[in-house]
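> With chain A held as given, fit chain B onto it using these hints.
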Amino acid sequence: MLYNIAMPSQLGSGAGRSDFASTQWSMVLAAKGDCASVAMGDLCAAYWRPLYAYVRRSGRSVEDAQDLTQSFFSRVLEKDYLQHVDPSLGKFRAFLLASLKNFMTNEWRRENAAKRGGSARMVSMEDMTRAEDHYSAGLGIAQSPDRVYERNWALALLERTTARLASEFAAAGKQRVFDALKPYLTGDGEARYSQVAAELGISEVTVRVSVHRMRGRFRDLLQQEVADTLADGGDSQAVEEELRYLLTAL
Amino acid sequence: MAVSTECEKCGHALAGDAPLGLCPNCLLRTAIEAGASQALAPFLPKLRYFGDYELLGEIARGGMGVVYRAKQVSLDRIVAVKMMRPGLLASEAEIRRFYAEAKTAARLQHPNIVAIHEVGEFEGLHYFSMDFVEGPSLDALVRERPLSSMEAARYVQILAEAVQHAHAQGILHRDLKPSNVLVDAAGRPRITDFGLARPLEGDAASTASGTVMGTPAYMPPEQAAGQHDKLSPASDIYSLGAILYELLTGRPPFRGRNQMETVRMALEEKPAPPREVNPEVNREMEAICLRCLEKNPARRYASAGDLAGELERVLRGEPGPRAASGRVRRWRLIAAAGVLVALAVLAMWFAGRPHESRIAEPGVPGVLKQSPAISPQLSPPPAPPPQPHTTAKAAAKKKAPAAPPIASIGFSISPDRGAGYSQTFTLRFTDPKGAADIQTAEVAFSDPGANRNCAVFLDPDNGRVELQFNPSGGPGLRVSGNVGTLGRIENSICAVDLTEAAFKLHGDDLEVKLPVTFKQGFEGVKEVRSSAWDRKGASRVEGHRCEWVVGPPTRP
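Taken in order, these protein sequences are the chains called A and B.
The opening residue of the first sequence carries number 1 in the numbering used here; numbering runs sequentially from there.
The opening residue of the second sequence carries number 251 in the numbering used here; numbering runs sequentially from there.
Honestly, the hints are just simulated from the structure, not real lab data.
Heads up, some of the hints might be wrong.
As the list claims (entries may be wrong) - Taking CB as the label site, the calculated pair distances span:
id, chain 1, residue 1, chain 2, residue 2, range
1, A, 132, B, 799, 23 to 29 Å
2, B, 325, A, 98, 44 to 50 Å
3, A, 64, B, 356, 55 to 61 Å
4, A, 132, B, 804, 25 to 31 Å
5, B, 773, A, 179, 33 to 39 Å
6, A, 240, B, 258, 24 to 30 Å
7, A, 168, B, 310, 17 to 23 Å
8, A, 104, B, 548, 47 to 53 Å
9, B, 804, A, 126, 35 to 41 Å
10, B, 799, A, 179, 17 to 23 Å
11, B, 525, A, 94, 51 to 57 Å
12, B, 546, A, 62, 56 to 62 Å
13, B, 519, A, 232, 25 to 31 Å
Unchecked claim - Partner residues are not named here, just some residues of chain B that face chain A (Cβ under 10 Å, in silico):
id, residue
14, 262
15, 280
16, 381
17, 506
18, 738
19, 767
What the hints assert, rightly or not - Straight-line C-alpha distance at most 20 Å; calculated SDA-like pairs for lysine to any residue:
id, chain 1, residue 1, chain 2, residue 2
20, A, 91, B, 511
21, A, 101, B, 396
22, A, 101, B, 321
23, A, 182, B, 282
24, A, 101, B, 395
25, A, 101, B, 530
26, A, 91, B, 501
27, B, 259, A, 212
28, A, 182, B, 269
29, B, 545, B, 569
30, A, 91, B, 389
31, B, 259, A, 248
32, A, 182, B, 266
33, B, 259, A, 91
34, A, 182, B, 256
35, B, 321, B, 299
36, B, 259, A, 247
37, A, 101, B, 529
38, B, 321, B, 381
39, B, 763, B, 781
40, A, 182, B, 271
Even glycine gets a Cβ: it sits at the ideal position worked out from N, Cα and C.
Okay, chain A solo, but in the shape it has when bound (with noise of 0.2 Å):
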């Protein structure tokens, strides 16, 4: 049984969402009812694509990634899935990998595609064959699947941030604003605070606590994402951990 997750055209792109609804997987290790299911759709949603990447890092076709990566979701959203899963995974990110290699080995065939997954498709094919170009983009990089998984991993987590604090700028009518600073996300680099300012008419030390205030908005936001992929998301020194081992990733 298939559970109503999400749209397709948004399962596919949880970065752009408008909602960014917090579901913490600390909570569907406590629920693993119903609730725990949609919950766990949810953060599906958010990280598919490093699942997509490890599968054709792995050596499967195109075509296999699409089946397997769609029959995976069908599975974990299983009801009965949550039931088997152990809460000393601890990590999301462990748990979802742990979770697929099992199904690659052990479950998928091939065949029994159609019946899982391939006859109702968890993500759009349009955000599969982007999902092949961001894989392909990044080809050069990494090297082993569970490298490429890690990497991809991290660079999802970082674009969901973004995309987080790109909306909260254009909700409040600062996109021009956002545009503008949003190199500095990076460190100052070659700041030309100066040119900014000018650019948007407003004072150079306004650019300053901006770009100040916008940097620790988005690490907030990053500490959320973060935070929502572990099991004690309350720990912020856990938080911290994933974070640096996240940049070694990188």
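Here is chain B on its own, set in the frame of chain A:
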């Protein structure tokens, strides 16, 4: 096809999948540092500049110190600064211990030990600065998954050599654990936090007898019992065994519900054999690990050097007894004799073989060209008996007595033609009569006429290989790494696997094993050229072309 450029700020490869087109590495790092400077605030509200240092962010904090990433302004370099937390400086004993730590660690100069630069005090705050090592701790690495037996062996072998170096200078670490080992960008493990180290013969009063110091999960029973007078090099060997255990199984040998229970287990219980926890652990590695973890220090390895030697043997894939150290040493003598016999056989084989001739390329003085007809003979001779991946300097000390005479041509590469993205090349630099030893060499894969080339620099004296960071930008920043360490170095054109890379000396000749993976975007026919410099600074070898096609491997 993947198109990647480099981030102007950090030099990381920047692929088309970067969010908002921003470098993901800088994005995440800036966010982390933004938080670190916030975390710093409660402790050091007004301290951004600290003597010669500009504090950039907090890295870690322990019982008595906080470690910051900092910029040393006068030297314009990034360092780590460890300082006592304000408010914790009341006790003279603590200050004394802080200085003892820095003094002890500053005596250690070893590539696998984090070096101390400066110790000092600034407006009542005591600090010392050390190398800044960017990278995760072993703790963070293994938390994700256990390592393979060979990866674990390589790490602990390197650590054991570093610990042996410290022991030789009379220094014990006393708190070795995965979180005290940082893995740098080149994959090189480096021991840090000599917070509890003290000279072997030093001031016993600085550690009160009966007090348990250290980290229980990695602590030998004699330390868990608070018997500080019984600590010896064997205590550090136990901790190396505990690290090895965790790398192999993903968990420390003892893990109680609380620290007291862990201490009790360390005193009374035997650890579960690693293969029971992770069936994939190699039997020999299990035996080595359990021997380190013997309760009785006399039953452990006699020295960290012995442990390193035993791990090196496993890494070479050589069989060996799992018995007492005396037997190990005897076995080594036999093995060494075997190597000599094999070298003698090789020498005889070469003696009966005509030398390849040097053929000068017309019109280019000094350029040597290999005749295609003799390419099979120019391939390196059959591999000598397995030797450890080691630096040429170390190898030089063990120089084989009867070096086989090898072709007098200056440079050869094998394979010298073919196709593929990944290939392990064997380069051979031979020493013409009368020349000084080879000091550095360079090998470049380049498009004829194009501006892009993959240049690898070889520094056998220091066991290092280097890649130019921005190959099209002329000389400049290079990334470098030590051969035989875990990990790889890479730029936007290629990557070199350091784990498999090796320098070997055959008499005066240098052989380099170079595993290269070319990246997409660098496809096409490449010409391979090399040059080398001897100790007089003269370039004395140049040329030898061969063709390698970067692209999918072709089948003959």
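> Hints broken by the structure, by number, lowest first?
The structure conflicts with hints 7, 10, 11, 16, 17, 20, 22, 29 and 33, although it agrees with all the remaining ones.
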